[in-house]
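Visitor: In order, the protein sequence lines correspond to chains A and B.
Following full-length UniProt numbering from start to finish, the first sequence increments by one per residue and tops out at 448.
Following full-length UniProt numbering from start to finish, the second sequence increments by one per residue and tops out at 448.
Some hints could be false.
No copy is singled out in the list; a pair is fine if it fits within one copy or between any two copies.
Said to hold, decoys possible - Distance condition first, Cα-Cα at most 27 angstroms in a straight line; then the derived DSSO-like pairs of lysine-lysine:
{"hint": "1", "residue 1": "LYS325", "residue 2": "LYS191"}
{"hint": "2", "residue 1": "LYS430", "residue 2": "LYS191"}
{"hint": "3", "residue 1": "LYS362", "residue 2": "LYS126"}
{"hint": "4", "residue 1": "LYS362", "residue 2": "LYS65"}
{"hint": "5", "residue 1": "LYS107", "residue 2": "LYS126"}
{"hint": "6", "residue 1": "LYS64", "residue 2": "LYS362"}
{"hint": "7", "residue 1": "LYS430", "residue 2": "LYS64"}
{"hint": "8", "residue 1": "LYS107", "residue 2": "LYS65"}
{"hint": "9", "residue 1": "LYS65", "residue 2": "LYS285"}
{"hint": "10", "residue 1": "LYS430", "residue 2": "LYS285"}
{"hint": "11", "residue 1": "LYS64", "residue 2": "LYS126"}
{"hint": "12", "residue 1": "LYS191", "residue 2": "LYS362"}
By construction, these hints were calculated from the structure, which means they are not laboratory data.
Number of protein chains: 2
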Amino acid sequence: MAPRRGIKFNHRNGHSSGVDARRSSFSDISEGASQPGSPIGPKSASGSDVALELQEQPISEYEKKKQTFITRTIWTLVMIGAFFGAMFMGHIYIIIIVTAVQVVSFKEVIAIANVPSRARRLRFTKALNWYWLATTMYFLYGESVIYYFKHIVLVDKVLLPFATHHRFISFMLYVIGFVFFVTSLQAGHYKFQFTQFAWTHMALYLIVVQAHFIMNNVFEGMIWFFLPVSLVICNDIFAYIVGITVGRTQLIKLSPKKTVEGFLGAWIFTVIFGVLMTNVLMRYKYFICPVNDLGANLWTGLECVVNPVFVPHTYQLPIWFPYFKSFSMAPMQMHILMFATFASLIAPFGGFFASGLKRTFKIKDFGDSIPGHGGITDRMDCQFIMGFFAYMYYHSFIALYKVSLGGVIEQVITGLSPREQMELVKGISKHLVNQGVITEGVRLPVQL
Amino acid sequence: MAPRRGIKFNHRNGHSSGVDARRSSFSDISEGASQPGSPIGPKSASGSDVALELQEQPISEYEKKKQTFITRTIWTLVMIGAFFGAMFMGHIYIIIIVTAVQVVSFKEVIAIANVPSRARRLRFTKALNWYWLATTMYFLYGESVIYYFKHIVLVDKVLLPFATHHRFISFMLYVIGFVFFVTSLQAGHYKFQFTQFAWTHMALYLIVVQAHFIMNNVFEGMIWFFLPVSLVICNDIFAYIVGITVGRTQLIKLSPKKTVEGFLGAWIFTVIFGVLMTNVLMRYKYFICPVNDLGANLWTGLECVVNPVFVPHTYQLPIWFPYFKSFSMAPMQMHILMFATFASLIAPFGGFFASGLKRTFKIKDFGDSIPGHGGITDRMDCQFIMGFFAYMYYHSFIALYKVSLGGVIEQVITGLSPREQMELVKGISKHLVNQGVITEGVRLPVQL
């Protein structure tokens with residue numbers, strides 16, 4: 001943990017320095033130090049900066065750019081390889097990876113707000129952080145397990161009470177932590193302890209909860225996990241490539257290396273990539289089917305009734321359209337435009353947010369687990385909000401509420417009173433009239 | 001807002017001073033100042049403290065206690081009166097009060113982290129806080145309205161798309177705020193802006209989300225709102241009365257006025273109060289029925305099939321038990337013990353948490369809206385966690401998973417195709433004809 005807080009120089013300065021004209025007291029010191037002779041003010045006169053300048057001087061700007069590019073590319077490929085390996089081996093491996101990312105990111109993020117000298121005197125602060133994490137994960141995993149494995153959980157005698165009282169148990173676990181936190185408050189440390197409390201909750205919300213949505217996407221079908229993740233990675237790579245190739249205009253002060261050209265250029269490439277990738281993935285039931293068998297992998301495959309968004313649909317063109325009368329396309333090819341656009345125009349703000357945080361705490365990276373990339377959190381910053389979006393978009397526009405007609409009829413006849421049954425008939429016919437399915441309302445000769 | 005930050009002396013010192021031997025740098029200055037001659041250290045040598053000492057000296061300890069008691073009692077009665085008025089007039093008035101409390105508490109809590117000089121330079125900070133509130137409330141109210149008024153919302157042509165895409169719309173509203181926050185980040189203000197972000201989210205979570213559970217309790221039946229609220233108030237009053245009567249041992253450093261005797265004594269009184277109050281409330285369907293008619297009030301009443309927890313049940317006693325063979329009791333009389341215990345032993349920690357926050361920010365009260373009580377938040381601090389508990393307990397142990405008409409309509413409209421919906425209408429009407437509820441089948445002019 002020691003090197004994290006110090007000034008690190010990992011060959012990632014690019015053309016950034018000098019752009020950030022109005023340098024704030026929170027700006028990243030190492031970036032200022034990379035350009036000898038630039039007007040960096042009194043801040044960089046510290047010992048470590050001088051050491052960095054001496055070390056950096058012989059390497060040219062071009063050399064550094066090249067080195068950065070190579071290191072990042074190699075590690076990007078390594079990560080992509082591991083990622084594909086896990087994905088082909090089965091959903092459970094991806095779940096494990098996402099869980100690991102979740103825990104490491106949480107650790108990285110709570111570490112930056114930690115003041116070791118204070119934490120040492122307060123024995124329980126660290127334990128409490130992990131307790132909150134455990135409680136939150138117990139709650140979230142429980143929710144998913146209950147939702148996706150109802151048919152197993154609700155039939156099991158031992159699991160049933162945990163399932164039916166899951167939220168209450170989670171709540172009481174949380175309350176125990178809360179009471180413990182309040183009793184552990186020590187005079188003279190209030191500010192530190194409340195900051196820890198707030199910070200841990202922010203980390204839980206920004207990382208653990210959002211990463212959990214990514215996990216639920218896996219359960220809905222590998223494509224809902226893979227597409228968002230690959231779109232963000234693709235966008236990141238193309239923003240970098242387009243940026244260093246034609247980038248001139250700075251996009252945002254927070255991330256001085258990001259350019260408007262890279263931002264917009266990457267959008268175009270991400271859309272193209274998304275359309276092509278969807279076209280490929282749609283052919284494999286392993287990707288488009290929800291997880292109904294946790295033992296499945298790419299070779300065994302999965303079976304399901306395919307969601308209509310993946311089934312080609314014939315769209316009629318207007319009468320005045322030359323040559324073509326109609327075209328055929330799966331609705332998913334339209335939806336992917338929304339995914340690609342979110343990944344290109346909104347998800348990067350997750351990264352800017354993380355950059356802002358790093359500047360606030362005057363750190364270069366959240367950690368140093370991935371060479372050339374920084375901490376896990378540095379690579380995942382845009383993934384969290386993207387996964388959340390994918391979850392929301394999927395459930396709002398794509399998911400089918402698998403309800404069987406027979407099941408509904410059973411519920412209605414056994415669970416509703418005759419009066420309610422009539423209300424139902426009236427309500428549904430009104431809905432059918434509204435939707436233009438039938439022309440006239442229903443006349444029920446009431447005889448209650 | 002000006003008087004909030006200053007040192008206020010509102011006659012509430014009681015027997016507290018002198019107990020808190022190890023006085024921290026975060027301790028409440030005004031409490032130290034109330035006892036002239038006590039060893040308060042160099043901290044209280046500031047100008048305002050001297051002024052307070054001069055002002056306070058002529059009033060005796062007894063006089064102050066009496067004044068405190070009178071002011072608090074009067075305002076407690078006023079609040080109880082308003083509260084009962086609203087409760088008898090109808091659920092909608094209680095919803096309005098809870099909403100008002102929610103908004104004012106949020107305002108009070110975000111105000112204490114505000115640094116006016118900084119906020120003035122950053123135009124959007126305040127607007128953004130209110131934007132988060134609006135988004136959160138849109139999301140939460142929408143959820144409740146959709147849940148409790150499905151049968152209306154889902155049949156309405158205009159409301160339907162808002163209902164089916166509610167979470168996505170809320171998410172996008174949140175994302176807009178998030179992107180706006182990131183773009184509004186200004187060099188030199190990062191720390192302030194991120195603190196505001198974290199603090200606003202904490203306030204949303206601790207106040208707005210928790211208060212929302214209280215609102216859902218109202219919809220489940222007035223008793224689920226009234227019991228938790230009155231148990232906390234009762235506990236608070238008895239902790240105060242027992243505390244000033246026989247209190248000797250300090251309970252927690254954070255709230256020096258709280259005594260172990262008051263804490264435990266109030267528990268006993270709260271249990272007794274809860275049992276008696278339940279016994280009374282159970283007789284009124286207005287209290288125990290869920291809100292199926294928003295126009296209902298105490299005089300019109302409500303009608304429903306009563307939840308079995310309110311129906312007396314005969315419990316057999318062991319064979320060796322003298323004189324009595326069995327006794328009759330509604331299960332609710334057992335549940336109330338849990339409610340009363342939570343209100344007595346756990347809910348006060350919500351108050352201690354708030355005390356800790358106040359000490360951290362060196363304020364006496366969150367506001368000054370209620371004379372003798374402080375801000376709304378000062379009075380509500382234990383209510384939030386209690387309402388959350390009541391919600392969780394109710395849904396885990398008391399709610400019946402009955403098939404609701406709204407639930408079925410939701411399933412049908414979102415999950416079945418129009419053709420299946422028509423099949424359902426036909427099937428149910430046929431069933432109603434078979435049962436002799438209606439004389440003739442339904443004629444649906446099919447036009448698919």
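Visitor: All hints are to be evaluated individually against the structure, with a verdict given for each.
Guide: Each hint, compared with the structure:
For the identical chains of this complex, LYS325 and LYS191 are neighbours neither inside a copy (69 angstroms) nor across copies (59 angstroms), given an alpha-carbon limit of 27 angstroms. With identical chains, the CA atoms of LYS430 and LYS191 are never at most 27 angstroms apart, being 58 angstroms at best within one copy and 55 angstroms at best between copies. Taking identical chains as interchangeable, the C-alpha atoms of LYS362 and LYS126 lie at most 27 angstroms apart whether they share a chain (22 angstroms) or sit on different chains (26 angstroms). In the homo-oligomer, the alpha carbons of LYS362 and LYS65 lie at most 27 angstroms apart inside one protomer (23 angstroms), although the nearest pairing across protomers, at 50 angstroms, exceeds that limit.
When the C-alpha separation of LYS107 and LYS126 is checked against a cutoff of 27 angstroms, the pair qualifies only within one copy, where the shortest distance is 10 angstroms, while the shortest distance between copies is 31 angstroms. Taking CA atoms no more than 27 angstroms apart as the test, LYS64 paired with LYS362 passes inside one copy only; the shortest distance there is 23 angstroms, against 50 angstroms between copies. Taking the closest pair of Cα atoms, LYS430 and LYS64 never come within 27 angstroms of each other, the shortest separation being 68 angstroms inside a single copy and 67 angstroms across copies. Taking identical chains as interchangeable, the C-alpha atoms of LYS107 and LYS65 are never at most 27 angstroms apart, the minima being 30 angstroms within one chain and 49 angstroms between chains.
Taking identical chains as interchangeable, the C-alpha atoms of LYS65 and LYS285 are never at most 27 angstroms apart, the minima being 42 angstroms within one chain and 75 angstroms between chains. Taking identical chains as interchangeable, the C-alpha atoms of LYS430 and LYS285 are never at most 27 angstroms apart, the minima being 35 angstroms within one chain and 32 angstroms between chains. For the homomeric pair LYS64 and LYS126, neither the shortest alpha-carbon distance inside one copy (39 angstroms) nor that between copies (43 angstroms) is at most 27 angstroms. For a Cα distance limit of 27 angstroms, the shortest separation of LYS191 from LYS362 qualifies both inside one copy, at 20 angstroms, and across copies, at 10 angstroms.
Violated hints, listed in ascending order, are 1, 2, 7, 8, 9, 10, 11; each of the other numbered hints is respected by the structure.
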